Amino acid sequence: MEALLIYNSDIEIIDDYVENGSNKAANAFVRKYQKFVYSTAFRYLKSYDDSQDAAQQVFIKALGNLKSFRKESSLSTWLYRITVNICTTMLRKKRVMSIFSSASDNNFEDYFSVESREATPLQELESKEFEEEFNLAFANLPQKQRETFALRYFDDLSYAEISDMLGTSIGGLKANYYQAVKKLGILLKK
Amino acid sequence: MKQYTYKELQERLPDYAFGKLRGDEKKIFESSLQHYTDLQEELEETILLFKRIEETDFSGKMRKYSRNVSVEVQEELGTKPKASRSYFSKAVIPTLGLVFMAYILLFTDQFSGDDAKEVFTLSQGELISDEDILSLGSDFNFSEYAEFGEILITDLTLEEEYLSSEMDYYKMDEGEITSDFNTDYLLKDLSESDFQEILKGMYDETLF
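Protein sequences appear in the order of chains A and B.
To convert, note that position 67 of the first sequence is 67 in this note's numbering; the numbers rise steadily by one, no gaps.
To get this note's numbering, take the position in the second sequence, counting from 1, and add 190.
Some clues are possibly wrong.
[Unchecked claim] Pairwise CB distance ranges, derived in the manner of DEER restraints: (1) B:Glu244 to A:Ala160: 22 to 30 Å; (2) B:Glu198 to A:Ser73: 40 to 48 Å; (3) B:His225 to A:Asp49: 50 to 58 Å; (4) B:Gly268 to A:Lys94: 27 to 35 Å; (5) B:Met191 to A:Asn23: 53 to 61 Å; (6) B:Gly268 to A:Ala160: 32 to 40 Å; (7) A:Val96 to B:Glu266: 22 to 30 Å.
Quick caveat, the hints were computed from the structure, so don't treat them as lab data.
Treat the numbers as computed from the prediction; the structure is a model and nothing was measured.
We put the beta carbon where it would ideally sit given N, CA and C, even for glycine.
With the hints as extra help, turn the sequences into a complete structure.
Okay, structure coming up:
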């Protein structure tokens with residue numbers, strides 16, 4: 001049985017994949033960042049299926065270009081930019097298609113809809129209602145505030161990394177973060 | 191101890207609410223917050239709200255939906271064709287095909303007709319060269335080469351109109367030559383140049 005390799009850093013993953021074409025390295029790379037890429041794609045595309053497609057495209061592209069990754073920014077920043085590019089392209093195509101289609105693809109109400117867990121019907125209903133309220137409130141945030149909040153709160157990235165991704169100063173990000181949290185509080189109180 | 195301004199407190203409020211402030215930063219925040227009651231109320235409301243969000247576990251959901259991405263990516267990478275195979279199919283096989291076709295064209299005579307060989311085969315079994323054909327004179331005895339004569343006569347039928355105008359005694363059944371047709375009689379009054387012309391024309395048709 002093949003010995004398991006443990007990667008201590010992104011650099012090790014990159015080096016192993018680029019030099020040896022290691023499947024283990026590719027797998028480690030994808031598994032480490034799949035949630036991040038998927039959730040970023042979901043914020044843009046608002047569709048589970050589209051996000052799955054987008055995430056796949058992101059990793060295929062990233063693995064194909066890992067050799068040329070210059071390590072000047074973090075892998076997460078690089079992946080974020082690829083994800084945004086791919087999602088922007090997909091959205092553009094969707095907009096063109098929507099001209100010829102009457103179906104609405106805006107299922108943002110399902111942004112964070114959860115499947116029923118082991119809860120009473122009442123609890124389930126309350127949970128579902130809260131989710132819908134949160135979805136709506138989150139969707140109503142301005143783009144920069146929404147992205148800052150998601151990258152900091154859900155993806156747990158540092159301000160330096162977020163600044164690299166969004167091109168906003170750290171002070172500006174902190175202000176965006178505060179405003180997003182405050183706005184969510186106000187909208188969810190109603 | 192250093193104190194944060196109202197704006198600096200606001201910038202750190204979410205991180206404090208979600209347990210991300212550490213060390214001195216946390217101590218200074220807690221010390222500074224005491225001077226602003228509205229921020230204290232805001233902090234309490236934020237902690238309550240996000241306790242509910244934490245219970246909903248949105249991150250867990252994203253983790254769950256994204257867990258198959260690695261499998262799909264591996265499958266996608268696995269279905270891409272390898273370069274070495276495509277080189278073989280793109281370069282080697284067509285080259286072999288061209289070589290084979292060239293061999294067939296250059297070194298086999300499957301396109302040459304046996305009839306052409308027979309027309310020009312002498313009794314010794316040798317091929318007559320085109321110079322020999324053209325140099326055939328009136329002393330050439332066609333009757334010795336009956337096979338040759340028959341084929342020539344068959345070709346002559348194509349020139350029926352020409353021959354009938356030149357040779358009044360040229361008789362034949364319509365479209366057919368009888369087996370005992372006397373070629374000597376047909377050819378004996380032809381001039382040398384006329385004969386050469388006929389032979390040249392038939393040679394061209396027979397061979398090509």
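Each hint tested on the structure:
1. Here the CB-CB span from B:Glu244 to A:Ala160 is close to 25 Å, well matched to the stated 22 to 30 Å.
2. Remark: the range hint 40 to 48 Å for B:Glu198 to A:Ser73 is contradicted by a beta-carbon distance near 28 Å.
3. Remark: the range hint 50 to 58 Å for B:His225 to A:Asp49 is upheld by a beta-carbon distance near 51 Å.
4. In this structure, B:Gly268 and A:Lys94 meet the distance hint of 27 to 35 Å, their C-beta atoms being roughly 29 Å apart.
5. The hint said 53 to 61 Å for the Cβ distance between B:Met191 and A:Asn23, and at roughly 54 Å that hint holds.
6. Roughly 37 Å separates the CB atoms of B:Gly268 and A:Ala160, a value that falls within the hinted 32 to 40 Å.
7. The beta-carbon spacing between A:Val96 and B:Glu266, approximately 25 Å, falls within the hinted interval of 22 to 30 Å.
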